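Sequences and hints are given; from them, build the entire structure.
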Amino acid sequence: MDTLIRVQEADFDLQTEYDRLRVDNPGAIVTFTGLVRDFNRDHVAGSASVDTLTLQHYPGMTEKLLAEIVDEARERWSVIGVTVLHRVGTLAPGDQIVLVAVSAAHRQEAFEATSFLMDYLKTRATFWKKVNAGGEESWVDMHQADRAAASRWEASEAGGDDGADI
Amino acid sequence: MDTLIRVQEADFDLQTEYDRLRVDNPGAIVTFTGLVRDFNRDHVAGSASVDTLTLQHYPGMTEKLLAEIVDEARERWSVIGVTVLHRVGTLAPGDQIVLVAVSAAHRQEAFEATSFLMDYLKTRATFWKKVNAGGEESWVDMHQADRAAASRWEASEAGGDDGADI
Amino acid sequence: MIKVLFFGRLGDIAGAEERKVSVPEQVRTVDDLRQLLGEDGEALAKALNEPQVMVAVNQDLVEWDHVFEDEDEVAFLPPVTGG
Amino acid sequence: MIKVLFFGRLGDIAGAEERKVSVPEQVRTVDDLRQLLGEDGEALAKALNEPQVMVAVNQDLVEWDHVFEDEDEVAFLPPVTGG
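Protein chains in written order, with the working numbering: chain F, 15 to 180; chain Y, 15 to 180; chain L, 58 to 140; chain Z, 58 to 140.
It should be emphasised that the hints constitute simulated quantities derived from the structure, not laboratory data.
Worth double-checking, as some hints may not be accurate.
As the list claims (entries may be wrong) - Taking lysine-lysine and the DSBU-like style, the derived pairs with C-alpha atoms no more than 35 Å apart in a straight line are:
(1) K103/L - K78/Y
(2) K60/Z - K144/F
(3) K78/F - K144/F
Stated by the list, open to error - Computed footprint of chain F on chain Y; a stretch qualifies when at least three of its residues, placed anywhere within it, have a C-beta under 8 Å from a C-beta of chain F:
(4) 31-42
(5) 116-127
Fair warning: this is a prediction, and the values are worked out from it, not measured in the lab.
Yeah, the Cβ is synthetic: ideal placement off N, Cα and C, and Gly gets one too.
Next comes the structure, spelled out in structure tokens:
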């Protein structure tokens, strides 16, 4: 029934977080992991290869906003455990950036809550990404697609509890 | 770029399967794990506690059907790696039953493909579940909600590629 | 001689998950076979005729008018419940 | 004396992620503060006035007419890009 939110420089371990959610004996666990891609879509047309990514955040406010996003997810879906881990600092291609994991009795709630958490995290939580590619640093712009992904939850009522088995 | 499909008595290891998908350097990995709940909704009103669950399947045909479902997911969404592991035999509450894991460049494809795979697996793959609760065995009925979950993909076109970052 | 498989609750009702069956010449379709097997008992006849039961021949789903051949594997499948 | 924070590209343009600022009495709202900070240079003025920039006072998002107080922490936030 608990929520774990952590912003950290250190890497995280999927199995550890999954095992923690398993303790409550849920029927379903969904995990989402975001990783640094080697492909630099965000930087410039022509796509220089990403050397590193630097993640900045607003300490204190970030954790508060993440807690609000998790609260909102818990109001919309009947979920059991929620874990949100986000790394800051300098990351290399292939590195893990973010983990959202949700346990629930039924699969639909777990899927929707995880997807919702990622959409809101990307558009509301105070993280900023800087790409270092080919010796040039540049701040990443927010994607219109992420705004669109987040806005689809605004029209909809709480979904999910259609009683599917897991 | 590969697909891994396995029906097995042995337990599986989330981290191992996740690590395999990470090798292709995707931007997003979604995993779904279904577990045996201690709560026996499927058996009788009054819900006796589940002692064990026995999973039967149709060897050969199951793997073929799972491969068809994965092919269909790959036609609909641009995903990189797909893993479907399903256990058979006798399982206890808390045990892992099924793992579906999908890697992709962007998160939306990974979420939708994983959700689709589970919905189709539950309604099309030749597995049958028997519950042993309080000394009584009974075969589980398909849930109407699972049929409904699967049918929502039939009306829709390929979703997903809205270009969200991860 | 064909191999008949009964899955899920059908196996319990048929009393076996697998049967070797030699069929009279006039039994040609899988629906004919279902009726033949149903002669064994009312419970099995009823269960095999449930609208949601499906049938596969050599591991491919087929319609009830499918004509099977000698040595085929015919499987009767109740609604699936995996995951 | 207030603490002003600039995040993301705003920090690069402001030349610092954090500044201590003592404000004249007529500077009352965070919008007033934004205009004051913009007097340092056109690039910063332009960046702070981008329509998608948000402002937080003591880690709460506020409207531009919010009146800050002495010792407050005022943060200018460009669109977020985590995840």
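Tested hints:
1. Note on K103/L and K78/Y: the hinted pairing holds, with a Cα-Cα distance of about 29 Å set against a maximum of 35 Å.
2. For a cut-off of 35 Å, the pair hint linking K60/Z to K144/F stands: about 24 Å separates their Cα positions.
3. Of the pairs offered as hints, the one joining K78/F and K144/F holds, with about 23 Å between alpha carbons and a cut-off of 35 Å not exceeded.
4. Restraint check on the stretch 31-42 of chain Y versus chain F: 6 residues with Cβ-Cβ distances below 8 Å, three needed, restraint holds.
5. Evaluation of the coverage hint for the stretch 116-127 of chain Y: fulfilled, as 5 residues show C-beta separations to chain F shorter than 8 Å, against a requirement of three.
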